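Please take these sequences and the hints and turn them into a complete structure.
So the sequences go chain by chain: A, S, F and L. Just so you know, we're using the UniProt record's numbering here: the first sequence kicks off at 1 and counts up by one. Just so you know, we're using the UniProt record's numbering here: the second sequence kicks off at 1 and counts up by one. Just so you know, we're using the UniProt record's numbering here: the third sequence kicks off at 1 and counts up by one. Just so you know, we're using the UniProt record's numbering here: the fourth sequence kicks off at 1 and counts up by one.
Hint data in this document are derived by calculation from the structure and do not stem from the laboratory. All figures in this text were calculated on a predicted structure; none of them were measured in a lab. Just to be clear, a hint being listed does not mean it is correct.
One copy or any two copies: either way a pair holds, since identical chains are not told apart in the list.
Unchecked claim - Listed below are the simulated BS3-like cross-link pairs for lysine-lysine, each with C-alpha atoms no more than 30 Å apart in a straight line:
hint, residue 1, residue 2
1, K49, K18
2, K402, K18
3, K18, K400
4, K400, K49
5, K402, K49
6, K291, K400
7, K402, K291
There are 4 protein chains.
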Amino acid sequence: MDFDYSPDCLAILDTLRKFIDRHVLPADTGWHRVAERGLYPTAVIEPLKLLAREAGLWNLFLPGLRAHEPGTGLTNLDYAPLAEMMGRIHWSSEVFNCSAPDTGNMELLHLFATHEQRERWLEPLLDGSIRSCFAMTEPDVASSDATNMRTSVRRDGDEVVINGRKWFATGAIHPHCRFAIVMGVSDESSCTAPHNRHSMVIVPMDTPGLSVLRNVTILGHHSPEEHCELLLRNVRVPASHLLGQEGQGFALAQARLGPGRVHHCMRTIGQCELALEMLCERALERRTFGKYLSDYSNVKDWIGHSRVEIDQARLLALRAAWRMDRHGNQAARVDVSAIKLVAAQLQQRVLDRAIQVFGAMGLTPDTPLAFLFTWGRAMRFFDGPDEVHLRVLAQDELGKAKRQRGSTAPYYRLAPEVAR
Amino acid sequence: MDFDYSPDCLAILDTLRKFIDRHVLPADTGWHRVAERGLYPTAVIEPLKLLAREAGLWNLFLPGLRAHEPGTGLTNLDYAPLAEMMGRIHWSSEVFNCSAPDTGNMELLHLFATHEQRERWLEPLLDGSIRSCFAMTEPDVASSDATNMRTSVRRDGDEVVINGRKWFATGAIHPHCRFAIVMGVSDESSCTAPHNRHSMVIVPMDTPGLSVLRNVTILGHHSPEEHCELLLRNVRVPASHLLGQEGQGFALAQARLGPGRVHHCMRTIGQCELALEMLCERALERRTFGKYLSDYSNVKDWIGHSRVEIDQARLLALRAAWRMDRHGNQAARVDVSAIKLVAAQLQQRVLDRAIQVFGAMGLTPDTPLAFLFTWGRAMRFFDGPDEVHLRVLAQDELGKAKRQRGSTAPYYRLAPEVAR
Amino acid sequence: MDFDYSPDCLAILDTLRKFIDRHVLPADTGWHRVAERGLYPTAVIEPLKLLAREAGLWNLFLPGLRAHEPGTGLTNLDYAPLAEMMGRIHWSSEVFNCSAPDTGNMELLHLFATHEQRERWLEPLLDGSIRSCFAMTEPDVASSDATNMRTSVRRDGDEVVINGRKWFATGAIHPHCRFAIVMGVSDESSCTAPHNRHSMVIVPMDTPGLSVLRNVTILGHHSPEEHCELLLRNVRVPASHLLGQEGQGFALAQARLGPGRVHHCMRTIGQCELALEMLCERALERRTFGKYLSDYSNVKDWIGHSRVEIDQARLLALRAAWRMDRHGNQAARVDVSAIKLVAAQLQQRVLDRAIQVFGAMGLTPDTPLAFLFTWGRAMRFFDGPDEVHLRVLAQDELGKAKRQRGSTAPYYRLAPEVAR
Amino acid sequence: MDFDYSPDCLAILDTLRKFIDRHVLPADTGWHRVAERGLYPTAVIEPLKLLAREAGLWNLFLPGLRAHEPGTGLTNLDYAPLAEMMGRIHWSSEVFNCSAPDTGNMELLHLFATHEQRERWLEPLLDGSIRSCFAMTEPDVASSDATNMRTSVRRDGDEVVINGRKWFATGAIHPHCRFAIVMGVSDESSCTAPHNRHSMVIVPMDTPGLSVLRNVTILGHHSPEEHCELLLRNVRVPASHLLGQEGQGFALAQARLGPGRVHHCMRTIGQCELALEMLCERALERRTFGKYLSDYSNVKDWIGHSRVEIDQARLLALRAAWRMDRHGNQAARVDVSAIKLVAAQLQQRVLDRAIQVFGAMGLTPDTPLAFLFTWGRAMRFFDGPDEVHLRVLAQDELGKAKRQRGSTAPYYRLAPEVAR
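Quick look at the structure:
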């Protein structure tokens, strides 16, 4: 057991920190000025991408790169602290070609794409010359239960016909977005097992029948990430656009989610660290009733709890990353649910405390806290709501209890006179 | 002791409910369509105001009306359930001329204005022909501690000169807003008691030197209420615009806050009731993993807790209103802090649960929940942050303990053999 | 609506307070010295009972007394503040013949006993010359679901034969305990509705076959109330000992619980008030790191939250009592669940805070806090666990939602372009 | 970074688990039968100690053993999982000579004792032939602030005279207890720094003037650990009984606490694991309203939260142990506060949930839960109350914020038009 980051990780972390301090942080206000006008800050991002790639800070998220793929090939464990660092500036992961949903899509394509698909879609993604979106969640139904999915992906000769409605397709109106990976029901037969009924298909954004209905606001505001509602009406693509096998969609979705969820969580932990730093600094300079806020014990309690909660969550996330590296994504399935649950709830607590210390200013756009607070509330749904992860955790624990039923019996101490 | 609403209250409540169902609710989507374009929905509101006034639903909030003032003259206790009803549609209180910050300003003017001030400012407010704003909170400082205030209100012959910066001046860019009541420091002498150093002054919105810097977003979005940042540079108004006596500003602020805070709380409770109704209805129709959400015991727990928490908060608010009516606003000071604390925290819990049951849809503008959730977070600062109210409550309780020091001694049971 | 206690209530409350201060509180240490030796403090209690009866403080709990029954005949609403006062000294309600489980048993007998049963069992209970116990909860099963009950109450000619095991039969080893009211299954036929299968029967404690197996410790200690485990083996009593009709047991249990639960809750609120008073007084005199605990804002937060939580719970309990008086116990069923849930959870929070302010002393028997803390944990099961009450509350709320299904539809604001 | 236990640790852990299953667990009921009669179960413990020593499971806790000291010499990190295992049976650590307060006393003596002191006191402790107690906490004052200490340790020629009163001296009435390490004020001069005023001294239990006043119950019951109140009246011991230097008491107390606190926490985590196992098994077999408790989603939520909270706390504790091994106890000071805070609060949550699933049985002595629940409440004071640890954490965090003041400034995004 060892709690030190590896020398490799530490070296890249240092490079990354310096890069962000030198190049990204100074561009932050400019990025927001553009974004507030409803535009995408391409002119801010693109030069930074070039610099990042030159600095070797590119595709850091993708483990097991192949020879011809650009990137660093870090383990999940070594990447995790980098994701935390990127989490401090919400838009920064795009600079390093490490932003969702592309990272998940790249992983999917990396694992399952045909040679042709790789050339057409994966390589430009790895190069950062295009972006993509992922269309899984549907309005009206509880999408955490995949059997609720209504979008149909129907084979019709050499083509696939897609009909349905999706939302929370993040990035669908990004100016570089070129394709969506759409998941739908390809086989409704009740003979087929529920988890073998779905398929994933690559749909170019300019395919007739695919339209972006709206960019849905999240808690009243537009996220820079743009969570879009898509309408798919008789959208036809060649059958060669199917990703993996027909009926394999559910398995692909699972494979996609493991590392991506941990990335999300580590970025979230980065948000929490930033919020705690801001809380402390603000508490040191803000006075009420003759004392600095940092002198109030209730504020100290918030700081103390935040510190231990963040540290615990980070350890849990790192262990999940370590387990994925060591034993595979499937073996870490429950660990991933654990950290997803913990990180989202943690973020809400820490951000709430930070806002409280900032006072009304914490509600304004003058600090990142307001955006992060609403992002965190949304994160309690992204990658599955709390309740789904609690369910996974409980089923796993109850499964263990069933397998060793009776093991707690020796701990009962029923008095002999009342033994039943 | 009696827990039934009075017949008067019940009668108006019934009228109000029907009015809202018939006239206001059908206009709700239209109101939002306009508001989303950044405009003020005057064309929606004004006809409704006429109808409301005709229906006798006007200035319901103002107790102790004088002969020439239009309105109903209800007690605080009888008004409280009406405020709850209005709280269900956020913008509806304007229809009945019962919306903040005008209500508080009308109370202030009703109590403290000169005859001239009443004619010029109070009467059009009571008529609903103009609106107003209230400028107290300042950026950078903790405004819950009034001694932090920096804006100066300096007497200069027959004039008063105001310099400073205010924010969260709600409604300052409403098209009908005609004046601000500005609070500032009129006497910095250390000989003057800290709570006798402030004054309030009426400043017409078109006074030179007064500018609206920006409409500050709250948690990333523009509220229909428009919380503005104001700059006051050498703003000069006649000394006759002073409200009450010089140095009385703090006392006026206190007088203003009592009933207004309880109104806010009752409207908040109306939001919570709506959210709980929506939660239940959604839980009855949404399915995951083979069951309706309403069949899950964790969802039932959220419902059960929401029910008892809302009911308790309402009783606490009603008792505060009753105490104001019976013993005066000052006697109810701690009661008002109590309900302000409770209602804001309650709202966050109930809204959070409702959003969780709605799933991602709860984040979108397709329901009122998203707006209400962020409004509720802001409410934890409006009218004083939680911590200020907790402090008031604790000081009061500790004061009682000091006065009866020793009263708990008989409850100790120190064994004689260890008596010290 | 009126929040003042009635003059009648206030008068008796004053008498009661003075009686307790003068007679009960000075006897408290003596009571505990005896109880700690495992004995019942009869010599302390009996003289106080005489005094109380002389002072007219007798059977205060029983509304609707008949001519020949001794007592005060208060409403539930007028009794509630008296119960709160008694709750401050755990054993004091026995002094006023107001202690569980006798109060519930007296209510049952008052409502359902035959003339003969009244003479033999109710009258001496009303006189305070005997005590009784109530045997409903069973080991091993979840007794909050009455269909789990296993004890059989079988008719055999003119007799009833009882077999089974009960626990948490409070007071079964009290030296004056003369009978148990035992609930069991009298009809296992699947044709009978599940709630018509139980009967209640009066079993004298000296009936052959009835034995007290043990006095079960609660969280490691013996309560003064003595929660006993009973074994019933072929216990035979005359059929005339059946209480009410055969098969009516479940309905009787419901009738018994309403007022008793509210009494429990008001006594609990009395505990909370005492704990808060002790907390405040201790905080005013205990110092760490150069300050009194009362100067720490986290301690102030605990005080403020305790104050508002207690006040809200009291209002909820009083409203439940008022509703029972006004509309009957059945109409107040959900209200009773509400206050039972709230009071038990409140008690744990307030006691926990008080102990934390006392430091290690809060764990010792030198104050009432240690006993109250464990009593409060047990109270989360007495009269039904939290989860059963949450279920009742949720079912009621969901029932309302079902009946007005569609009522929240007008609050949705789906944009026309995405209307589905 | 590596999350696997070391092979050494795993090997001993396996031996320990088998030993406990084979020898300790079967003796558990017997142990309690004796302890319930107020006796110390020597006849149960002593044979097990012999077996444990033979099995090499002896003094596992003490890192850096010297040549002549019996034991295993594990690192803190390797010992931690063993402490967790022992925590499952509360009394088992004594079997392995690993029980508080002896472990802390052995560490103190190991580090600071003179040759003579080692021979007389440390060696028999290491052999398990005697036990000891530690007298630091005092009644009436907040002992978490050492400057509140009142017991005097005054030099008088070749002797030291001790006067004062201590409580929570765990184990003082253990039949083998031979000495107390007493901490007191040896120098009240205001010229001396507050943390150089205390001394520790070894006081044989049979020294005249030392008396055990009482064995204080904790939350109403006697712990097997026996937390005693001691009176010291003119207790005289030779000056050679001073431990370390005069005035060094505070530093010694700090040194003593680090590893001991982590042991306590790991044992606590063992309690939580056991409680969660019992919860799951009980939930699988207990039915209400037609379903097993394990089918209820609120119970699943409790399981899921317990799982992630326990896992996080364990990682935090292990990291604290690792940091002590790697960087010394002083460097891990804040880590130790962190895990002390987390573990105590975790235990209360997990035990509360387990009891709730058990129903009333969870309150009885028929399972370990009742004892553990009260132990956990007490643990929130042992080794410092929550608030002291929160303070340590916050001071550390605020210290960092002060040192890097200004570092969060680049994250503010004040719009230029409102820049102040």
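Hint check results:
no.: 1; hint: K49 x K18; result: within (15 Å within a copy, 58 Å between copies)
no.: 2; hint: K402 x K18; result: between (51 Å within a copy, 21 Å between copies)
no.: 3; hint: K18 x K400; result: between (46 Å within a copy, 20 Å between copies)
no.: 4; hint: K400 x K49; result: neither (47 Å within a copy, 32 Å between copies)
no.: 5; hint: K402 x K49; result: neither (52 Å within a copy, 34 Å between copies)
no.: 6; hint: K291 x K400; result: between (52 Å within a copy, 20 Å between copies)
no.: 7; hint: K402 x K291; result: between (56 Å within a copy, 16 Å between copies)
In this structure, the earlier hints numbered 4 and 5 are contradicted, and the remaining ones agree with it.
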